[in-house]
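What follows is the residue order along each chain.
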Amino acid sequence: GIQVEQSPPDLILQEGANSTLRCNFSDSVNNLQWFHQNPWGQLINLFYIPSGTKQNGRLSATTVATERYSLLYISSSQTTDSGVYFCAVAHNQGGKLIFGQGTELSVKP
Amino acid sequence: KAGVTQTPRYLIKTRGQQVTLSCSPISGHRSVSWYQQTPGQGLQFLFEYFSETQRNKGNFPGRFSGRQFSNSRSEMNVSTLELGDSALYLCASSLVGSSYNEQFFGPGTRLTVL
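Here the protein sequences line up with chains A and B, keeping their order. Anchor point for the first sequence: position 80 equals 80 in our numbering, and the numbering is continuous, going up by one each time. Anchor point for the second sequence: position 97 equals 97 in our numbering, and the numbering is continuous, going up by one each time.
Calculated directly from the structure, the hints in this document are not laboratory data. Just so you know, these numbers come straight off a predicted model, no measurement behind them. The beta carbon of each residue, even a glycine, is placed where N, CA and C say it ideally should be. Among the clues, some could well be false.
Stated by the list, open to error - The following label-pair restraints were derived from C-beta to C-beta distances: (1) A:22 <-> B:15: 35 to 43 Å; (2) A:108 <-> B:73: 24 to 32 Å; (3) A:69 <-> B:79: 37 to 45 Å; (4) A:30 <-> B:53: 31 to 39 Å; (5) B:83 <-> A:5: 43 to 51 Å; (6) B:22 <-> A:48: 37 to 45 Å.
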């Protein structure tokens, strides 16, 4: 089955710093989503981005489907950005998302 | 529009018991998927229901089952609970019928098996 790898596994930043999280996947996909898991466990949708580039405030994401990777950029990080970021993909229609192992981000004041 | 809701939010059971978790999707969404999250295995797909039919299934034993009702609400059941079933169970819903299939997650049910 499709494999999803995220890097780095852990990241510690000072408030105000920028960061780039990477997601590599092993097969073509028709769904790629980035999530932020809050301290209570809920997955918050950041981007639905099977291809192309999107921006939402301080966050942006780019997926290069032909090269099978996606990047999540966080600029001017804040302590509230702390948590685990997941990339998830699906390579057919339907609801089976395959998740990466996540990147745990810690932003220090 | 209200988001995905899950009940109960927390549950404590003992080994051997069974449990039923409920999920109500976003209004208009007809697909409901279930995932299990554990520290060791991460987030794993359990199954997906669409129009009251199971459309996809993950690699879990038959003790894990689910169903979907005509109003798209879904339940999952775990029988003969084991300690290893302790996990956060997440439900997600999505629109079906187009190439756009973004999934939206509920807050989860945290199950502890003693």
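Taking the hints in turn, this is what the structure says about them:
1. A:22 <-> B:15: 35 to 43 Å: With a Cβ separation near 41 Å, residue 22 of chain A and residue 15 of chain B satisfy 35 to 43 Å, so the hint holds.
2. A:108 <-> B:73: 24 to 32 Å: At roughly 43 Å between Cβ atoms, residue 73 of chain B and residue 108 of chain A fall outside 24 to 32 Å, so the hint is violated.
3. A:69 <-> B:79: 37 to 45 Å: Holds, at about 41 Å.
4. A:30 <-> B:53: 31 to 39 Å: violated (21 Å)
5. B:83 <-> A:5: 43 to 51 Å: violated (29 Å)
6. B:22 <-> A:48: 37 to 45 Å: Cβ of residue 22 of chain B to Cβ of residue 48 of chain A: about 26 Å, so the range 37 to 45 Å is violated.
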